[in-house]
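Enquirer: The lines below spell out each chain.
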Amino acid sequence: AQSVTQPDIHITVSEGASLELRCNYSYGATPYLFWYVQSPGQGLQLLLKYFSGDTLVQGIKGFEAEFKRSQSSFNLRKPSVHWSDAAEYFCAVEGSWWGGKLIFGQGTELSVKP
Amino acid sequence: DGGITQSPKYLFRKEGQNVTLSCEQNLNHDAMYWYRQDPGQGLRLIYYSQIVNDFQKGDIAEGYSVSREKKESFPLTVTSAQKNPTAFYLCASSPRQGTSYEQYFGPGTRLTVT
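These protein sequence lines are chains A and B, in that order. Counting with my numbering, you get residues 1 to 114 for the letters of the first sequence. Counting with my numbering, you get residues 1 to 114 for the letters of the second sequence.
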């Protein structure tokens with residue numbers, strides 16, 4: 001079955017440090033991949049998306065993600081974290097096989113230490 | 001400003017009562033979605049609609065009902081049959097349902113049933 005796994009439930013990083021959030025998916029073909037961010041009690045905002053082409057995609061707020069087909073991964077990175085990046089991050093997969101619906105990972109909560 | 005509105009932000013109900021959550025969009029999107037969010041479980045799809053007067057069950061439709069009488073509106077009713085209705089509910093829309101269309105999310109409604 002199609003699935004998305006975010007192995008880290010909670011990550012804490014120091015402000016200014018680099019960040020990598022992991023995402024692995026299970027899907028037979030090349031999926032469409034998304035990263036969303038959610039501030040507490042709010043809706044989700046799209047950070048970036050991968051549909052095809054260059055496997056390194058740039059998003060808003062200084063985030064980037066790299067699609068690695070061989071590892072079925074789509075990890076989110078940021079070179080220097082700001083306190084305002086503290087939030088919950090969701091990886092999602094969309095595929096034509098299942099009608100274009102989004103399947104979400106469980107989320108990774110990011111805390112930022114001053 | 002274009003966007004998705006959900007009201008109310010907080011909703012309290014007694015067990016055994018039906019309750020309807022509002023979702024309105026002025027983005028002229030064809031497709032609309034309802035998700036349920038519980039801590040540590042990511043987002044799960046309840047219902048979705050590709051076009052007016054048509055909707056399909058998602059992964060956890062039991063105990064919920066929807067209608068799509070107008071393009072801009074997709075209300076969700078949480079019925080007394082839903083065994084554990086307390087959750088955060090998110091509405092989303094996309095230009096069409098299908099691959100490569102980004103979903104835009106509303107701010108959510110937190111429902112508490114006691």
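These are computed hints drawn from the structure, not numbers from a lab. The reader is advised that the hints may include incorrect statements.
Unchecked claim - Below, in silico cross-link-like pairs of lysine-lysine (BS3-like), each with a Cα-Cα straight-line distance of 30 Å or less:
(1) B:Lys57 / B:Lys14
(2) A:Lys49 / B:Lys14
(3) B:Lys71 / B:Lys57
(4) A:Lys113 / A:Lys61
(5) B:Lys9 / B:Lys71
(6) A:Lys61 / B:Lys9
(7) A:Lys68 / A:Lys49
(8) B:Lys9 / B:Lys57
(9) B:Lys9 / B:Lys83
(10) B:Lys71 / A:Lys49
(11) A:Lys61 / A:Lys49
(12) B:Lys57 / A:Lys49
None of these values were measured; they are calculated from a predicted model.
Enquirer: Work down the list of hints and note, for each, if the structure agrees.
Expert: We went through each hint and held it up to the structure:
For a cut-off of 30 Å, the pair hint linking B:Lys57 to B:Lys14 stands: about 26 Å separates their Cα positions. Among the hinted pairs, A:Lys49 with B:Lys14 is inconsistent with the structure: their alpha-carbon atoms are about 41 Å apart, more than 30 Å. Using a Cα cut-off of 30 Å, the hinted pair B:Lys71 and B:Lys57 holds, with the two alpha carbons roughly 18 Å apart. The hinted pair formed by A:Lys113 and A:Lys61 meets the criterion: a straight-line CA distance of about 18 Å does not exceed 30 Å.
Straight-line distance between C-alpha atoms of B:Lys9 and B:Lys71 comes to about 22 Å, which keeps the hinted pair within the 30 Å bound. At most 30 Å may separate the alpha-carbon atoms for a hinted pair to count; A:Lys61 and B:Lys9 meet this at roughly 26 Å. Between A:Lys68 and A:Lys49, the direct Cα distance comes to roughly 14 Å. Compliance with the 30 Å bound is thereby established for this hinted pair. Distance check on the hinted pair: B:Lys9 and B:Lys57 sit about 24 Å apart at the alpha-carbon level, within 30 Å; holds.
Proximity of B:Lys9 to B:Lys83 is assessed by CA-CA distance (about 22 Å); at most 30 Å being required, the pair is judged to hold. For the hint linking B:Lys71 to A:Lys49, the alpha-carbon distance of about 26 Å falls within 30 Å, and the restraint holds. Restraint check for A:Lys61 and A:Lys49: the C-alpha separation of about 14 Å stays at or below 30 Å, so the hint holds. Restraint check for B:Lys57 and A:Lys49: satisfied, since their Cα atoms lie roughly 26 Å apart, inside the 30 Å limit.
The structure is inconsistent with hint 2 alone, although it conforms to all the rest.
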